[in-house]
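S.K.: Residues per chain are reported as follows:
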Amino acid sequence: MIIAEQKPLEEIRSMAAKHKKILLLGCGTCVTVCMAGGEKEVGILASALRMARKLEGNRIEIIEDTILRQCEWEYLEEIAPKVDEVEAVISMACGVGVQAMAQQFPDKLIYPALNTTSLGMPAQHGLWVENCRGCGNCGLARFGAVCPVARCSKSLLNGPCGGSQDGKCEVNPEADCGWQLIYERMERLDQLELLEDILPAKNWSTDRDNGPRRTVREDVFIADVKGGTE
Amino acid sequence: MKRTLKEALKSGDFVITTEIGPPKGTNIEKMLHHIDLLKDKVDGLNVTDNQSSVMRLSSLAVCHLIKDRGGEPILQMTCRDRNRMALQADLLSAYVLGVENVLCLTGDHIMLGDHKGARQVFDLDSVQLIAAVRTLETGKDIGGNELDGAVSFCVGATATPEADRMGSQLLKFRKKIKAGAEFFQTQAVYDMDKLKEFMQYARQFEEVKILAGILVLTSVGMARYLNANVAGVTVPEELIEEVKSAGKGQGIVKGKEIAARHIKQIKKEGICDGIHLMAIGKEEIVPEILEMAGIK
Ligand code: SF4
Ligand code: SF4
Chain A
1 MIIAEQKPLE EIRSMAAKHK KILLLGCGTC VTVCMAGGEK EVGILASALR MARKLEGNRI
61 EIIEDTILRQ CEWEYLEEIA PKVDEVEAVI SMACGVGVQA MAQQFPDKLI YPALNTTSLG
121 MPAQHGLWVE NCRGCGNCGL ARFGAVCPVA RCSKSLLNGP CGGSQDGKCE VNPEADCGWQ
181 LIYERMERLD QLELLEDILP AKNWSTDRDN GPRRTVREDV FIADVKGGTE
Chain B
231 MKRTLKEALK SGDFVITTEI GPPKGTNIEK MLHHIDLLKD KVDGLNVTDN QSSVMRLSSL
291 AVCHLIKDRG GEPILQMTCR DRNRMALQAD LLSAYVLGVE NVLCLTGDHI MLGDHKGARQ
351 VFDLDSVQLI AAVRTLETGK DIGGNELDGA VSFCVGATAT PEADRMGSQL LKFRKKIKAG
411 AEFFQTQAVY DMDKLKEFMQ YARQFEEVKI LAGILVLTSV GMARYLNANV AGVTVPEELI
471 EEVKSAGKGQ GIVKGKEIAA RHIKQIKKEG ICDGIHLMAI GKEEIVPEIL EMAGIK
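From first to last, the protein sequence lines are chains A and B.
Numbering follows our numbering, in which position 24 of the first sequence is assigned residue number 24; successive positions increment by one, without gaps.
Offset between the second sequence (1-based) and our numbering: plus 230.
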């Protein structure tokens, strides 16, 4: 899923500074699961903002709501009446959701309350880790299903750097060295042989390097696709 | 004429290389002094590439200066700051400037340096960089395009004899050889038994020359710092005690002795094909250490 975390309150406050009435809109999917922008977080942030503005002597009216997904048109349509009522929306979705809102409501100011960090999962309660960079050409088959692009700090393809120590990465002694994970898993699967091949330079054209990715499936096109194919 | 590093490695002589650290800025006086002091005493001068991810004068420019002064430069190249186009362009450039040796490194992470917010590259890794040099030698670039004039290099890489997870490090070591590395300069070693163990493994690759990394200890603080912060480097307690015994501010005296002793042993017992001596920022002590080791 998409992992995000809340921006510092000060930053969110400054976005809302000139507004008297806003909609604080949560998203019920990824960011609910990673406890950054679901219904509960909407409630907490709304209270904090109200409190702060009250102390300033400059009250703010906040409508709170959370829709199932801010990244799908059908859920965005249902929120239109509330959007109409306010000067601006602070979205607690990931960057995709924030932009979908902007596209759905072209005349409304939309602000992000979260920093979207990665594609990942909870490693343990309260710790989310990045496991995929969406490189567009998945090579997991070669690495025992541990991704070197995302999980090695240098995205190395041919083995660990010299900075790997005690199974941890030179960048952060608390983070696993992705390459040590790959090596150990391949050893366990008796697949180490596969790592002996020299992998050539990766073709990054499926990554961002050919411009923003557009995933096209003409077989499922229907007429008048919103935000469509131009 | 001075022999090339390649010739030195081929000669079977005990090969000595050392390091030149480009300054952070354009004042090159002290560095030129070090170059002049060392160029005739060693078989090659490594020039570090934005070492420790700290932005400095470029390795290529300094290699050129060394060449001009009659030294034998070894161009260090890391994969952190340049993509495959820039790396290949710099390899062509190095070649036309007369630089004949390149040491291919991954490079430290950007987070460890002085531009923490910079975007790091790592488009190639060290194995792919070695392979890229070898491809450029065939008259093509790694995109498969023809070159008007090829390159030719003596290609080196690094290894870590005292890594705590040897399996994955040896995998990388083998791949570097497979990609075309001719010589290795190791990470700093302080435990001669561990070095021997590594060499026992490494010797099966007969065509490859291995220079042991010798980093001169200057103080107890430095030794402790290495142990705490530098992966694959372990200064044993008894060496730390030895440095301590020199008394305050005198650690380097013992540090020089230790380095000379290790060099002597490596040479005498034929443990490695040579050494790569590092005296970060104190290059002026290199000749003295070589003398103490009975080299020159
Ligand atoms: S190889 Fe690419 S697509 Fe596959 S997990 Fe890694 S980043 Fe994601
Ligand atoms: S320590 Fe491991 S994860 Fe970190 S950059 Fe090196 S190989 Fe990659």
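Just so you know, the hints here were simulated from the structure itself, not pulled from any lab data.
Honestly, I wouldn't trust all of these hints.
Unchecked claim - No more than 20 angstroms apart at the CA atoms, straight line, and that leaves these computed lysine to any residue pairs for SDA-like: (1) B:346 to A:201; (2) B:408 to A:201; (3) A:168 to B:341; (4) B:497 to B:423; (5) B:426 to B:476; (6) B:408 to A:174; (7) A:202 to B:341.
Keep in mind that this is a model prediction, so the values were computed, not measured.
S.K.: Please name the hints from earlier in the document that this structure breaks, with their numbers sorted from lowest to highest.
M.R.: Of the numbered hints, 1, 5, 6 and 7 do not hold.
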